[in-house]
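Produce the entire structure from the sequences given, and follow the hints as far as they go.
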Amino acid sequence: MIKGVNTEIALTHILSRKKQTLVASLGVTVGITAFVFLNSLILGFNRFFDDQIFRSMPHMRVYKDDEISKSLLSKKDTSALNVVVNPKMLNKTKNLLNPQQILNEIKKQPEVVTAAQWVTVNLFYTSGKSQMNGVASGANIKEADAMFDIATTMVEGKAGNLESVSNGILIGVGIAEKLNIRLNDNLTVISSLGASKVMKVVGIFSTSNSISDKIKSYMNLSSAQQLLREGPNYVTDIYINIKEPDKVVEYKPLFEKISGYRVEEWKEANETFVAAAKTRSVMMRSISGAILLVAAFGIYNILNMTIMQKLNDIAILKATGFSGKDVVKIFVSEAVIMGFFGTCGGLGLATILVNLVSHVYVGGDIGFFPIRFEPSIIAIGGFIGMFVTTAAGFIPARNAAKVDPVEIFRK
Amino acid sequence: MEENLVLKTNNIGKYFYDPIKFKVLEGISFDVKQGEFLTLVGKSGCGKSTLLYLLSTMDTDYEGELIIDNETLTGKKPDRLAEVRNEKIGFVFQFHYLLPEFSCLKNVMIPAMKLGKYMREEIEHRAYEKLDILGLKDLALKPASKLSGGQQQRVAIARALINDPKIIMGDEPTGNLDSKNTSIVFDIFKELTRGHNQTIIAVTHDNDFAKASDRTIELLDGKIVNLNKQWD
Ligand SMILES: Nc1ncnc2c1ncn2[C@@H]1O[C@H](COP(=O)(O)OP(=O)(O)O)[C@@H](O)[C@H]1O
Ligand SMILES: [Mg+2]
Numbered sequence: 000m001i002k003g004v005n006t007e008i009a010l011t012h013i014l015s016r017k018k019q020t021l022v023a024s025l026g027v028t029v030g031i032t033a034f035v036f037l038n039s040l041i042l043g044f045n046r047f048f049d050d051q052i053f054r055s056m057p058h059m060r061v062y063k064d065d066e067i068s069k070s071l072l073s074k075k076d077t078s079a080l081n082v083v084v085n086p087k088m089l090n091k092t093k094n095l096l097n098p099q100q101i102l103n104e105i106k107k108q109p110e111v112v113t114a115a116q117w118v119t120v121n122l123f124y125t126s127g128k129s130q131m132n133g134v135a136s137g138a139n140i141k142e143a144d145a146m147f148d149i150a151t152t153m154v155e156g157k158a159g160n161l162e163s164v165s166n167g168i169l170i171g172v173g174i175a176e177k178l179n180i181r182l183n184d185n186l187t188v189i190s191s192l193g194a195s196k197v198m199k200v201v202g203i204f205s206t207s208n209s210i211s212d213k214i215k216s217y218m219n220l221s222s223a224q225q226l227l228r229e230g231p232n233y234v235t236d237i238y239i240n241i242k243e244p245d246k247v248v249e250y251k252p253l254f255e256k257i258s259g260y261r262v263e264e265w266k267e268a269n270e271t272f273v274a275a276a277k278t279r280s281v282m283m284r285s286i287s288g289a290i291l292l293v294a295a296f297g298i299y300n301i302l303n304m305t306i307m308q309k310l311n312d313i314a315i316l317k318a319t320g321f322s323g324k325d326v327v328k329i330f331v332s333e334a335v336i337m338g339f340f341g342t343c344g345g346l347g348l349a350t351i352l353v354n355l356v357s358h359v360y361v362g363g364d365i366g367f368f369p370i371r372f373e374p375s376i377i378a379i380g381g382f383i384g385m386f387v388t389t390a391a392g393f394i395p396a397r398n399a400a401k402v403d404p405v406e407i408f409r410k
Numbered sequence: 000m001e002e003n004l005v006l007k008t009n010n011i012g013k014y015f016y017d018p019i020k021f022k023v024l025e026g027i028s029f030d031v032k033q034g035e036f037l038t039l040v041g042k043s044g045c046g047k048s049t050l051l052y053l054l055s056t057m058d059t060d061y062e063g064e065l066i067i068d069n070e071t072l073t074g075k076k077p078d079r080l081a082e083v084r085n086e087k088i089g090f091v092f093q094f095h096y097l098l099p100e101f102s103c104l105k106n107v108m109i110p111a112m113k114l115g116k117y118m119r120e121e122i123e124h125r126a127y128e129k130l131d132i133l134g135l136k137d138l139a140l141k142p143a144s145k146l147s148g149g150q151q152q153r154v155a156i157a158r159a160l161i162n163d164p165k166i167i168m169g170d171e172p173t174g175n176l177d178s179k180n181t182s183i184v185f186d187i188f189k190e191l192t193r194g195h196n197q198t199i200i201a202v203t204h205d206n207d208f209a210k211a212s213d214r215t216i217e218l219l220d221g222k223i224v225n226l227n228k229q230w231d
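Taken in sequence, the protein lines are chains A and E. Read left to right, the first sequence gives residues 0 to 410 (numbering that gives the first Met the number 0). Read left to right, the second sequence gives residues 0 to 231 (numbering that gives the first Met the number 0).
Bear in mind the hints are in silico, worked out from the structure with no lab data behind them. Among the hints, a few may not be true.
[To be verified] Which bits of chain A does chain E cover? Going by a derived footprint, with three or more residues having C-beta under 8 Å, they are: (1) 7-16; (2) 318-330.
[Claimed, not checked] Pairwise CB distance ranges (calculated): (3) A/Leu292 <-> E/Glu64: 42 to 52 Å; (4) E/Lys76 <-> A/Ile286: 43 to 53 Å; (5) E/His124 <-> A/Arg409: 30 to 40 Å; (6) E/Asp137 <-> A/Phe296: 38 to 48 Å; (7) A/Gly3 <-> E/Ser182: 36 to 46 Å; (8) A/Gly3 <-> E/Lys42: 43 to 53 Å; (9) E/Lys76 <-> A/Arg409: 16 to 26 Å; (10) E/Asp220 <-> A/Phe386: 47 to 57 Å.
For every residue, glycine included, the Cβ atom is placed at its ideal position computed from N, Cα and C.
What follows is the structure, given as structure tokens:
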């Protein structure tokens, strides 16, 4: 068979009914545009909120869980009088044993991007008579920077200054403003245990989260340990970032085994957020799915109509030696051609739309509208567009293949 | 099957079930030699068209046996039957049956493009030749839907010839033609059987047409009453 006689027939059919073809293709265009646009929205939103979360929280955190005292009575002893005491938290320290060794083991895992020892201190920032409460993170600044990208948020000074100034501190821009503190000024901090320490401001940072900028500071591990009146081995948390933060649940048992302590992953700590993200995805996916379905139905409809009007042609083709398979090919080709142009149009239109919207400045902590364009969405959109239209064309095409030419010729 | 037979039927019968069950064809057995110009005659409603649809392999719902070109086609898969139709059988229907959106030339070319024996230029060249034989060369590029009934029927004949089929079947192939064109078509058929050893099986109402053919089979109420009708 000469290559493309079926395609040629399909093209002729399509070109001789340009208007209907256009309408069917436009339906697909709208469907694919909606699909790509809404998925870019989901992706953008989720990335935005993920970023927001991962700016102050690691993917996973190793810590020592509180233990509740066990009942001293293993069995009820009815012969004696039982004195019952409410269970209490065991008054153990919260530090991890051998933190450096655990950290080294964790860093050996190929999934781990970065990990850091961490000590959190609740404290007051004081300057003259003004006072603010806040939270300081004590960590190795290199590790902390690898995790939270602190360097890029610095507006004054450098994150790396902490390494050379042992009593250095990096503070949020909100603290600096409120306490009227500038770079290289001294700042006295008082921990919740009452320990006070004079620190030197070696950097001021400004993140997109203005609330945390009024609370947070970074200092060396040793400064935090001193504020908690603890020695140089005192570490309460090990923070871990892995390559695929969505897979934390899978990796959690591994790290619990390595460390011997409990591991909390970011999804547990942000259940509401995760649920909201899921709701968003389900909502937008169902909307784009519904639109795609309508588009597919458009293709199905047009093809069904074409076939009803072309029973004669189908009978002639079969009489002259075209098989049922050929007839299916002809009409599926028509669906594929319409689907192809519709899909291309949709991908193009969506690209333009996403681009336009991503340049809308919303302001505040958000900045530009959080829509994200990714080749994978285009690829999936293209695939779905072609798949749906081909499937929609296949059903009427199969019916066309069943047309009995004799029945047509007898009429 | 003998050397020079091209088509053979063994005791073919067929039923219709609508509105009631009745046997439209019964005990149809005949041979057709290669190069023969055969006509089928009989009163309207005696089953001529029905028989032709069976011979053409489009209707497979029958009893008995059909052999074309030494191949038993009864019970063959639809795809194989389509191949046989494409390669070995040319049709001309009672009413002109062209694809309206294509030019006359394309209509003639399509079965050859399906067969794929020749390159595209060659097919086009051959299609022009066939149209020329039927005096339609000037209309080649016109859309089929713009032609008169007689012209369309002649294009359909050109299309039936394009793959040089063993057998050309026609259901009243001259039904739509004036006497001048009828005699042109008759001469073409004659030339095909004589010069190219092709076989013609044509249903006709035209007694002059039938008389001039090599042999005429007469049907009556679904049965063959005369395998070689003699005209007085
Ligand atoms: N699809 C059908 N269902 C039932 N009866 C049919 C059908 N097609 C044709 N017939 C009947 O079969 C008989 C033969 O029809 P046909 O072969 O068209 O006759 P002819 O071509 O000789 O005029 C007629 O009586 C006709 O009414
Ligand atoms: Mg008839």
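Hint check:
Coverage of a stretch by a chain is defined here by at least three residues with a beta carbon nearer than 8 Å to that chain's beta carbons; for the segment 7-16 of chain A and chain E the count is 5, and the condition holds. With 8 residues having a beta carbon nearer than 8 Å to a beta carbon of chain E, the segment 318-330 of chain A meets the requirement of three or more and the stated coverage holds. Distance hint check: the CB atoms of A/Leu292 and E/Glu64 are about 51 Å apart, consistent with the given range 42 to 52 Å. At about 47 Å, the CB distance of E/Lys76 to A/Ile286 agrees with the hint of 43 to 53 Å.
Evaluation of the 30 to 40 Å hint for E/His124 and A/Arg409 yields a pass: the beta carbon distance comes to about 36 Å. At about 46 Å, the beta-carbon gap between E/Asp137 and A/Phe296 stays in the expected band of 38 to 48 Å. Look at A/Gly3 against E/Ser182: about 40 Å separates their beta carbons, and that is inside 36 to 46 Å. Separated by about 46 Å at the C-beta atoms, A/Gly3 and E/Lys42 satisfy the suggested range of 43 to 53 Å.
Judged by the Cβ atoms, the range 16 to 26 Å given for E/Lys76 and A/Arg409 holds: they are separated by roughly 24 Å. At roughly 56 Å, the beta carbons of E/Asp220 and A/Phe386 sit within the given window of 47 to 57 Å.
Checked against the numbered hints above, the structure violates none of them.
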